[in-house]
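All chains should be built: construct the whole structure from the sequences, respecting the hints.
Protein chains in written order, with this note's numbering: chain R, 1 to 368; chain P, 369 to 451.
Bear in mind the hints are in silico, worked out from the structure with no lab data behind them.
These numbers come from a predicted model, not from an experiment.
Be careful, since some hints might not be right.
Unchecked claim - In silico BS3-like links for lysine-lysine, alpha-carbon gap of 27 Å or less:
#	chain 1	residue 1	chain 2	residue 2
1	R	Lys33	R	Lys56
2	P	Lys439	P	Lys413
3	R	Lys62	R	Lys33
4	R	Lys114	P	Lys439
5	P	Lys379	P	Lys409
6	R	Lys114	P	Lys413
Here's the letter readout for the chains.
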Amino acid sequence: MAYLEKIIRYNQAELMPAEELEIIENGSKIQLKPLNNLVFLCHFDQPRQDIMGPVKEELSGKLGFGIGAVLANQAKFGTTGLLHYASSGAGGVVFSPPQEIISPNQLMIDFWIKFSSLDTGGEKRYLVDRAQSGNIPSWGIFIQDGELGIDLWTDVLTYTFQTVGLSLTTGQWYHLRAGFDQSIDQVVLFLDGSRILEENFSGVIMDSSQVQDMCPINCLLSEVNQIVYLDELRIFNFFTNQEFTPPSQATSPYSSNQPKAVVSLDSGFSQANWLLNTLNFTDETDFEAGGIKLRLNASENSTPEFSGELLTLSQVRALGSLNGRYLHLEFTFISDGNVQRILPVGWVGIKPQNLVISRRAPEIIRRY
Amino acid sequence: MPRKFVFIDQKNRIKYFAQLEKEPLCPNCPSRAFRAFSSQKFQGKFNFERSSLEIFCSRCGSLLVEIPLEKIGAEDGLFREDY
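Written as structure tokens, this is what we have:
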């Protein structure tokens, strides 16, 4: 064999952040963790829809229906689509609720939102709710003239919790999260991860087990919501009143948009020659789909220093070779939350420099 | 069913409360007019100047009732310190 092969395993890999990646199968794989307790996810990434057009809810593949809605396929953080409707008249998107959010003990609803105006004419307008177009309302997150709030319908009282003096601005994306926990009777509202409202309520939040009496999940189900852009609607079956770091891009539901894993290979030789065209993995599906990208660094130093653009696997192979005792690989996991990226075991060819000996002409030594 | 309103002024650490014991009815709008697209026949609006809650008909916008708000500040110990 013209070169040695170094197996790439991940037992010693550094995960960033450690909460969003995990090493599995005795170090032979790294996978992007599914988002804990996520029960509903909708990206609104489909191209422009017609009136009454279907909208796919990504997590379970269910379809919701847009009512007079326009899904504008315009840039949102330079990437995909969002929910907004510019046409006149009522609109919105309606989903049947998944079982996990019917009469839940805990629930967190979050989404990205941008306003083109904060003037709702004094009227309360629901952004996301289970309060309209059904007989038994449960909860609704709303805006009213630049103030945010949440309504809860319990079996003893109907509650409106609303901010006062919130300084929202138009044209800016906000991450909004609302949640409640019935075991501690607490309701919270977060704006960009900061708690803006925390209160107690009493009673059991209402719901129905009968489909005909059940409120669907409504998004922007109103006329005045023409002033609203909404995306990345997620519903979690958990509760926290702790402040948090929201996803930094609307298209990526992970707190670090692109979690990374770093692994360092030690050749054991000074100035080893790493043959990148021999870099292979047992399953390259996620590389080919653009879900895993790489950066490399070869050096005599055991500490990696990465720089430059993220590369595809084929771009890395085209680099030819790198020299150094260590080869450091940085794997970047890219996912919109639907796909669980998996990095399998790999291998790369290596030539120790000290095996490359230039041939010399034989020396003739005279013997006397 | 009674309805409780809680307004939270985070900046000034003040909360405002009000409670409606029963639904106010709009004299202009029949109840069947509210069936479509809304489960609420009225909505409340915080009036900062008057420190009151104004309840409007959500269909025709008529002012139905105005309730003075109860005000609680941080000094009353009911405002969370970690806001």
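Hint check:
{"no.": "1", "hint": "R/Lys33 - R/Lys56", "verdict": "22 Å, holds"}
{"no.": "2", "hint": "P/Lys439 - P/Lys413", "verdict": "16 Å, holds"}
{"no.": "3", "hint": "R/Lys62 - R/Lys33", "verdict": "22 Å, holds"}
{"no.": "4", "hint": "R/Lys114 - P/Lys439", "verdict": "31 Å, violated"}
{"no.": "5", "hint": "P/Lys379 - P/Lys409", "verdict": "31 Å, violated"}
{"no.": "6", "hint": "R/Lys114 - P/Lys413", "verdict": "22 Å, holds"}
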